[in-house]
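Peer 1: Here's the letter readout for the chains.
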Amino acid sequence: LAKTTQPISMDSYEGQEVNITCSHNNIATNDYITWYQQFPSQGPRFIIQGYKTKVKNEVASLFIPADRKSSTLSLPRVSLSDTAVYYCLVGDGIGGYQKVTFGTGTKLQVIP
Amino acid sequence: KAGVTQTPRYLIKTRGQQVTLSCSPISGHRSVSWYQQTPGQGLQFLFEYFSETQRNKGNFPGRFSGRQFSNSRSEMNVSTLELGDSALYLCASSVASGSFNEQFFGPGTRLTVL
Numbered sequence: 001l002a003k004t005t006q007p008i009s010m011d012s013y014e015g016q017e018v019n020i021t022c023s024h025n026n027i028a029t030n031d032y033i034t035w036y037q038q039f040p041s042q043g044p045r046f047i048i049q050g051y052k053t054k055v056k057n058e059v060a061s062l063f064i065p066a067d068r069k070s071s072t073l074s075l076p077r078v079s080l081s082d083t084a085v086y087y088c089l090v091g092d093g094i095g096g097y098q099k100v101t102f103g104t105g106t107k108l109q110v111i112p
Numbered sequence: 113k114a115g116v117t118q119t120p121r122y123l124i125k126t127r128g129q130q131v132t133l134s135c136s137p138i139s140g141h142r143s144v145s146w147y148q149q150t151p152g153q154g155l156q157f158l159f160e161y162f163s164e165t166q167r168n169k170g171n172f173p174g175r176f177s178g179r180q181f182s183n184s185r186s187e188m189n190v191s192t193l194e195l196g197d198s199a200l201y202l203c204a205s206s207v208a209s210g211s212f213n214e215q216f217f218g219p220g221t222r223l224t225v226l
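So the sequences go chain by chain: W and U.
Just so you know, the numbering used here puts 24 at position 24 of the first sequence, and the rest follows in order with no gaps.
Residues are numbered in the numbering used here as their position in the second sequence, beginning at 1, plus a constant of 112.
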């Protein structure tokens, strides 16, 4: 199974850029990297997905180096509403994400 | 487009009882996955159904079972409840089965076992 490692928690001030790095040393060739956001008492919400290099959408950017053994979620100019838990997920190619444990994620606290 | 709905939102049961949770996926989505979320273990995959067939299964005991109906709605059943089954049970739907498909999660059912 593709295992991911993320920092347990991070603090950031409003307006700053936040970078959350995820380590996935045994990522397989067919695996994609996906990030989800979860607020208390809600289900996770898809943020961004990528395979290599850089992906950007209206919410975040995802940077993936050439070896794909890590990835970095970048949130530009965070606000208080970005306080949430962020999960990095890697598909294992067989059975997909469904075979992967989300883990405990990174709890981001945005400070006013 | 309506999102994923789960019923009930909250449930209190006692040890030894059984419980059935329901999930209605987004219209047009044929894959439904179930997850258990606890503070200590995080989000753990239970199983996935696609076109009424179980496609994938996580490492949970046989007390946890599920099914999917022809309209893609899914139910999850837990028999002989244990205290450790207290958790948030999340359902997620996607268009198709597989790792590259974005999953849309419901709000979850909070199960408390006393």
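Hints listed in this document are in silico derivations from the structure and should not be mistaken for laboratory results.
In this text, a Cβ means the ideal position worked out from N, Cα and C, and glycines have one as well.
Watch out, some of these pointers could steer you wrong.
Claimed, not checked - For lysine to any residue, the following SDA-like pairs were computed, each having C-alpha atoms within a straight-line distance of at most 20 Å:
#1 K3(W) x K169(U)
#2 K3(W) x N171(U)
#3 K56(W) x G15(W)
Unchecked claim - Restraint-style ranges between C-beta atoms, simulated for each label pair:
#4 D11(W) x E214(U): 23 to 31 Å
#5 Q153(U) x N26(W): 15 to 23 Å
#6 T126(U) x T53(W): 49 to 57 Å
Peer 1: Now tell me if each hint is right for this structure.
Peer 2: Now for the hints, and whether the structure bears them out:
no.: 1; hint: K3(W) x K169(U); in the structure: 17 Å, holds
no.: 2; hint: K3(W) x N171(U); in the structure: 15 Å, holds
no.: 3; hint: K56(W) x G15(W); in the structure: 19 Å, holds
no.: 4; hint: D11(W) x E214(U): 23 to 31 Å; in the structure: 29 Å, holds
no.: 5; hint: Q153(U) x N26(W): 15 to 23 Å; in the structure: 21 Å, holds
no.: 6; hint: T126(U) x T53(W): 49 to 57 Å; in the structure: 53 Å, holds
When the structure is compared with the earlier hints, no violation turns up for any of them.
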